[in-house]
Amino acid sequence: MESESLDSPPASPIANNGENNLQPFFVLHKALPRKGSRKASETGKTRSKLASLSSPKAAEKSEETKQVGEDDYDEVPLEAFDFVWSKIDRTIKDVLLNINISVFDVIHQWVCESFSTIKSAGTPGGLHSYPPLTDITCKQIFTGLVMTKNVEFVDDLLTFKELAMHLKSHDSHVVTLSSMDFTAKSGIGGCLKSLQRQLIKFTPDTADISILVSWYSEPENKGYPIVVIIDDMERCNGCVLSEFILILREWVIKIPVILIMGVATTIDAPKKLLTSNALQYLSPCKFTLGSPSERMDAIMEALLVKLCTGFDIGHKVAVFLRNYFLRHDGTVTSFIRALKIACSKHFLMEPLSFLCEGFLSEDSHSFWMEMCESLPVEMHKCAFDLPSCKLIDDVSCLSTETLVSGLSAVKSLQKDWSSVVLCLFEAGKFHRIKLFDIFCEALDPNRQSGAVEDRVKASSSGIFLHSEECFGQRKTGFISQAVRRIKDLPPAQLSQLLQIWRKHTEGITEINVKVEELLSMLDFDGESKSNKQDGIGSPRKVTSPGESKSPKKVRTGSPKKAASRSHLNTEKDKEAVNLKAVKLLECMVKDYLKPIESLPFHEIFCFKHVDILQSALIGDPRKMIQVDLLKSHTYLHCSCCNKSGESLLPSMNDTSIIYQLAQEHGDLINLHDWFQSFKAIILPPSNTKKGKRKLQMYPLSKKRKVAVEIESISEASIQARFCKAVTELQITGLLRMPSKRRPDFVQRIAFGF
Amino acid sequence: MSLKREGFTGPTNNHKRTGWQETYSLVWPKTPIDTPSEEMVKEESPRVTKRATRSSLNTPQSPLLEEMRKEETPQSSKRATRSSALKSCSSRTRETQKKIDFRSPSLLRDLVYREEPISFDALCSSFPGRRVQILELLQLLGPMNSPLLPLFIYGGASTGKTSVILQIFRHLKRPFIYSSCRTCYCPRILFETVVNQLPHRRSSGSVKRCEKPADFVNLLHDGMSEFINNLKGNSSKLDSEELKEQGSTGTMIYFIFDNMELVRRWPKYLEITSMLFKLYEILKMPEVGFIFISNSSLDTYHVNTGFAEPMPVLFPDYREEDLRKIFLRNQPNQKLYSSFLDVVFNSFYRMTKRVDELSVAFAPLFQKYCELFSDKKGSVPTEDKKRSLFKRFGEHTAPALNDIFKVPSHPNSFKIEAIKEKVKRRDAEVTDDIEFHMPISAKYLLISAFIASRNPATLDAALFDSTGGGDNRKHKRKMSETSKEKKELAEQELIMKGPGTFPLERLLAIFQCISSVAEFSLENEQQVEDEIVSGGDTGIMSDVLLQLSTLCNANYISKGGSCPLEGSTRYRSTISEEMTVKVARSVNFPLSKYLYRR
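As given, the protein sequences belong to chains Z and B, one line each in that order.
Take the first sequence: its position 731, counted from the start at 1, is 731 in full-length UniProt numbering, and no numbers get skipped.
Take the second sequence: its position 40, counted from the start at 1, is 40 in full-length UniProt numbering, and no numbers get skipped.
Calculated lysine-lysine pairs in the DSS-like style (CA-CA distance at most 30 Å, straight line):
no., chain 1, residue 1, chain 2, residue 2
1, Z, K623, B, K559
2, Z, K340, Z, K429
3, B, K559, Z, K271
4, B, K484, B, K593
5, Z, K514, Z, K503
6, Z, K185, B, K497
So the derived list for chain Z, only partly shown, Cβ under 8 Å to chain B, looks like this:
no., residue
7, K149
8, V151
9, S210
10, T266
11, L273
To spell it out: a stretch of chain B is covered by chain Z in this simulated footprint if at least three of its residues, at any positions, have a beta carbon under 8 Å from a beta carbon of chain Z; those stretches are:
no., stretch
12, 184-192
13, 434-446
In case anyone wonders, no lab produced these hints; they're calculated from the structure.
Beta carbons are placed, not taken as given, at the ideal position from N, Cα and C, and that holds for glycine.
Okay, chain B solo, but in the shape it has when bound (with noise of 0.2 Å):
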């Protein structure tokens, strides 16, 4: 027993990267796979792992290790049950146990990125920019089998994080398990994907419910301590062109965790981090290394300390020069293509330096530039025609510098509304429609809506009362120089707050005096000769709540508060001048003589 422990604590203390690979796979192979030593490795391990991870040597230990250890009291216990009755059985299920035994090198190449690996070359060259960041990556990770401390890759959105990271793994071809807390949303589905992927899960196929940290970290080290046990045992038995194989990819596993600032949004994130960043320390064993990636830096996590802080590495912004290559990098027609760039770059790099933003805005303007300028092909433009190129190019640059969204028709749906168009186009004096249908009174209640927005409420009895209007009248004129100031200040400070609340009760009162004035001169100038009165119409008033609500729903009227039986709800216009400009022309209502101009 005691030698066995010799062996295990003998690497760190001679801490050397070189060293260690030679001493670790000479002591693991001797331990046999019985479970009374599986545990006590287990019971020695804190104190080993403690002396191993350098930083956390002084660092006292945190509540959350405290708490991990004693969930981990019990379930350890649970553990020795079960491994003394599969003590019990072994002796009869060797065969399996040899089976499984030759499963596991297989399945950690499982773990190895899919797809040929690449040259260093070819992975410096395929993310130009990047060189500096990969080597440090690569260095890092140090050679085969060396055990690795967190890393923490950050960086502004698309700067080639995750696509670098997982090329290195390619380039290495080291096993690795990568999961994205964007796709897992929530803790219980990281952790469940994570446990799931790890070897012998796969193997068993089985999906083990897992909510609580304290469950996943269980799970975690069980599953990696079998695992590793599984390897060191086989190792010895196995043959040379299986140990070549597990040569290759090592005995390292790396956990990859993607989109870490995701965390942060859900509830108890504070827990769940420093879980996470902890884990090595938890886990104690050096043949498991992560790497988190994120898109904001260490600082933003408001991690208390008591643990050793991940390794930075940052990844800054993509330089111009690289933004070019990366751009230039699989276009068939080069010289073309950066006779484009030569057109179009500077104005969009002022914008954006993100990749996935820039590439999404040149792919329809390159288009429009080979329709353009396909004839030059391979001639290169001198400074001149650069300068013309960039004239003539201008008008596609310009609208397309502010446009974030495009919406094309499908090509065949013009067909169908070609039809349409010949009779649309034929009285062009309809330019300005809305695009949609709305019932007039819900033009007049969005109108209503915007105005009571726009408007201080005091200005209300001015706008719709004749008497009101008097006395604003006579107010303004005895107004002093510092009554002036003071409500340009009260001016500005609405232009700063943007479009107003007002309580439903305002909005209905605003409705009936603009409705009525409408249903006024509408039946004035329709003539009142003939009783029919529109088949005993009800004017606009009823089912204005109804029509509330679908405006609401169509986002131009956003509500706020919460109980409808208060009364106390407020809401608020958030449709575009424009449009309201537009609705108002269609129902012919003079909204500039209501509305509040400074």
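With the rest of the complex left out, here is chain Z (with noise of 0.2 Å):
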């Protein structure tokens, strides 16, 4: 599902005049045809437009046609839109492929030394069909368990797809095969026929092993591994499964196959799920990806720390997107869904959001300056009614400059507060601390107002907490609790984490020169102890010297040694360089950890509106389809219903009128009485109650006949519309059918809301 979102147009933004409630269907159906017009275009386009937009042409059309400029305008979001989003993508991209590219080769290596394995065991015959006579070790299959540490394996989709794109580039044979080709619908010949389909790119109508043989035979073929993929083991029918094996395994010699099998849980899922017989040839190996929280980690740091694209998000919509990793659905797909939502929304709701792009280029103050001088009045005043605006106590000075100045600062600061985070997350590695608590908390708008205590109680207010922080950590924030832990760090880390500041704090000068200053001291420490031990004349440091210009491989190597003799000096130092480090992290949250929601003009690129992101991703289809059945006039808008209120009328839907009989009944429902009721309502009263009368008046009279005819017609067309309707409900889930036990009645599923 989150796949296929993703790779589904994008739900452009279009800008209909301040109405935020997106209609999806509406958008969608305007999407398509500018989707092709877009691409051709792509980024260039935007900054021609933008260009055009700033130059003092566009601008005096601007004022002297309005309705003109402000269709430019309407067309800017969605290019600013797309730019952004595409840098976003990228990136994104990257991230993904360097996480995985490391275990990728090592899965190539052992590709590798498998297929010289097999190699080395026998060279394949002729083209008989009888088993080769080797001993059992050689016919077993190599198999790669990769794990992929997640129970949805959305996001793993895309992994394998690099994963046969890698193999292929290294010269093998590569076959992707899903769950799909695993079912016991299809049985084995489905498994084989695909496997077929896709190395010999013909397909027979029955799968045959021997034609794969003679077609490994071929010399064009053959000294190549066939890598065979399957992405989600557990989904596979396991005897089908087991079959396919069985069968490989007694052709591997002359087919080398070496699966690849993705595993979602744990280790023993292959145990649980093949049969013994399969697994005892499978020689396995393990392999494992990177963790899902890692993945969002990098990705994190990557977009909205490193990358400043002038789309950020606000703290609650961190907060909600952080709650929906960990609780909902922990796919980095469906992150990337929301942010993407989160994305066209601001662009869309924003109107000043296409200034963003100043954030990426390189003199963002004359950029500013320029754009902002082109703008028309509305939007000029627009960005002096944002709220944050309301905080600036001079409202004579409401000029261009303000706003560039403004915006100036938002950038500036937001480039101290990625670095600071970034410390932040580099000294919360070591206690596993992961980056979108720490971003999370940043974030927070009240953490610099309130108290420490209330501080700390705020920022983790309405955060799910992890797991393991759930109760024991759960008293301070994870900033404080990131630069406590400093003060216990070990030496050699401790210079680790400066070297990686001094990388970070770059921006910053003065922390910068205060980084380097600590760091000088650490080194001094490890020179000194390594002078003293050089002394004593310790044998094993005699090399150290000449290694201490490297002064990386001093610090990792000596201070652990020196830590264990534990002089009171280097004690004592050690902790001093500790303390200051912890003094010089909490100076930078204290000055530089400005979150963005507390800067002026921060609405322009940050997206704070978590209601409506909240009704995209999550939305509640049964409730709304009980709220509807309920409500059916406010949106049928016929005459007859209106006037009548709260009473039921036979004009209104069927479906509509038995789901508001039903909220009379408990959780059973008697079919009878319910059908009764419905045909009460359905035929108007004054017939019925007159052929009721007749019917006791005349029992034996010629009329009955007449009136039982009309009413048996009626009463079978009653009979329908009243099954129609119920079958509705029972699809929509908010019925179950009559059982067995209970043959009058329904069971009612859903109550209230």
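Two chains, each in its own frame: build the complex with the hints.
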């Protein structure tokens, strides 16, 4: 589901005059024709558009004919969105590929090793059909079990696709099978057929292994391993997969098949799924992909902290996304989807959001200057109507300069903010504090206003905490935790940390200087220690002065040994450095970690509307169905029902009537009663009364027959309508049909909302 | 014509194995290859073979055979037209005919085992403990060109059935056609594999579509008779060298059907098994031998009688000393390995007698053994030493006994993980982590499924409803002895049944209960001062059905029933208790409180 939404054309925002309730279908229909044109133009067009807008000509034009000008600006958010999103998309792809590339390399190496083992086991004879007589260990299939570490496998579809590409580029025949090929229905023939289809590229009506054998014996195919990738092993039918393995292993010398299977849960999943017979023919090897939270951290780091696109998310949105990830659907895919929705909504709702491009340009000040000067008056006013601008006291200077300087301030603060967050993250890494947690806390606009305790509580309130942190560590926020833990860091790790800090704080000169100072202190310690050791004459340390030119090595190596000596002096020094590092970080947090939401004009870059995102992501279909059924007239807008108010009318929708009637019952509804009351509503009251009276008055007259006839006709149609409506309720999941035990009753499934 | 018939029937009348070959080779070359005679032979053949097979003499014709015959009649008329056409052009294509003639003997050689033939001694020594079976099989196969009644070789898995028979054919240098019912996973592929391996098919390379058993029989009959006729026709024209060649391979062709037990899984398997077992009688060709290999005895095939039962040959399980010999066979360091076997063998022999399972289990253990005791190379351990070795190595053996499936990591991936591990080791308090990521709502769903499967449904009210709990306590006091016994019985039954099934509603109700409790406790502790409340959090409820399907896919919950609309689908939790406890711990859920303990 998630993958679909990623692949599908972006639900591009259409500026529909201020009304923010995006109608999904409308958007989808509108978006289609635009997509092609946009693809052709790409980002260059955005640039030109913006340039033309900012040029004086365009400005004049917009002043002269506002209509035209505003139309121009209608187009801009779309293009800005495309521009920003394409950048984000590229970054995400790079990050995900980089995470996996090392594992891919290991897998490739293993494939090569396995293939050479297979080759050494024996040379395939001719095309004869009897099995070669070899040792059993040679008949095992090399199987790589790739642990994906996530019950949801959506994220890994892409990973396995990339793995296939990677192996293909390294000279192997790659076949990607999925659980759809291993169903009980299609049986063993199904998977063999798709195996054959992908390798030989022609589909015989039956899949015969011997065809594969003859294909592989052709010179251009020979000499490469055949890698069969099954991306979701757990969903396969165990019997079919076992049979597949048993067949393959009979031929493994002639067709060197190497299996790679994705395992979502635990390593004993194959043990549960496969028969023992098949299991013993596997020669397994385990590989581990990065866990989803690691991936998430990498994406967060690259996307929201390092890459300043001019699109940010507010605190509430961040917390919501984090909760969604942890609680509902722990996939990176859905996170990206949510981010995309947020991004599109942001550009749609925020008229000035196209200014984000200034974030990416070198000389953002002059860029914004140009842009802002050419803004139409409405837009200009719009900027100063932003709630964050009410913080500015001086009402008089609502000039372009204020706007531009405000924007520039946001940009520079954002840069400082991200470098501090990165420093915090590095510090927290030693204690497995997730970047997402720090990120959320750092975004919290209330963090700085309150006292320390309050701050801590505020930051953790409403955040659904991680399993580990749930009880033990709740009392403190993640940031203060990360800061405090620096105290206990051993010198080796501290120096590593400082090295990374030095890189991250390059933008902030004061801090950078202080980090350098700390580093030199540590260096000095290290060197003095190594000197001491030299004096003692430890033979191990003789090499260290030579190494000391590369400071990293000494720092990582020597302090550990020195620590074991526990000199009083060095202990103190060490603690002093640690304390200084803590102080430095505290100072950084205090001075530079200003949440974006506390700045004026942040709305231009920052998406804060949780409710919109939530309704787009979660939605509540069953509730909506119930509400719509109970208030059908608000949708139908027919004249007859409007007047009636609460009472039920025969002109109403059958399903709606029936559902409203069902409200009167408990969890069991007697079908007969229900039908009777439905009938009573459908048939006009006067008519039925007359009929009844007639029946009572002249029980034996001829008229009765006529009446019965009329009734019987309508009876059939009423029954049909009743059945249809009840079936509709069943399909929407509000009802359950009568069971064998209680044939006269249907069961209500949904109560309330 | 009558002469020919006499010649043909001759050998069957004086049915002696030694005499057969001579008469056979004497008579057959005389028959010229012209089509009418071929037709005649075919027409006669039913009667002839009826006499030829001893056992079928008195048995009534089976309905299947009748069917075969029926289907054969139109077929033969077709063949007649084809052959008459062939006859008309045979004079023109005499040259090509010759070529084919020359090809056939070498094609026959194609069916012989590729590798160098082995001697009888080598054959016996490569299969320790199988000497009796090898001798029996050799006797049954008889000398060259002697007809063979169908053989049925059976015995447990991994007792050397396939290997022995293949090596025997390697020893005998006789042509055979092998097909495994495993690789040929459906009747059509089995038939086509066999037919395509026939000599004449190989030369022409045509793949014929063959789905029905009847088609298979026809094709086989055609192919074989054509081939045999060619062979007979040629042998007169052959020069001495080729004669010798032919003499070395003989004129018999053997069909080996391996893994016959798998046929029983096919739809309509009865038809196919009985057809295969009857092939010998249907074809009525003494030059064709059938060998069936199966891991279950003939009784399990439910074949109706009416044909000669194949000769059973049993391959019993290996005895202990045989297994030892097998494992010692290809070891470079015999002494070290035998000392290793002394330590390990007995405990494993109690578990399994299968060579494949044992060898898979031994391979990593022996590696470890070499690492530990390689210094003792060559030295034969004394009885005392053996005991101490046994003790010392016991720590490796014991876990291996239970380990069916061991997954090592790739050495290089260690390097990558080493960095991560470093961090992990630091805080050792989180040792029993779940190995994979699961959203919290999925965890709760898993726990509730486990509870629903473990507890009887009647207990739900007591666990999750305060009033229900009160009732239950009253009830307990009144319990009499008999009702106690009854309850115990019911509990025992519950254990025997394993995890119970539950409908979706019950699962959702429990889920709602435990997740709301968890939410409440969390909120309490977390305080409510700040109203942010996790950015419009909707609780854990949304997307539960999606999570459920995820868990079903991960094989933690199994789903029965079919129609989702009916709503009567029942679920069952298949997760192990340890796993659930882990999950519960990770969300701090007091699982033990909610579990019904006896």
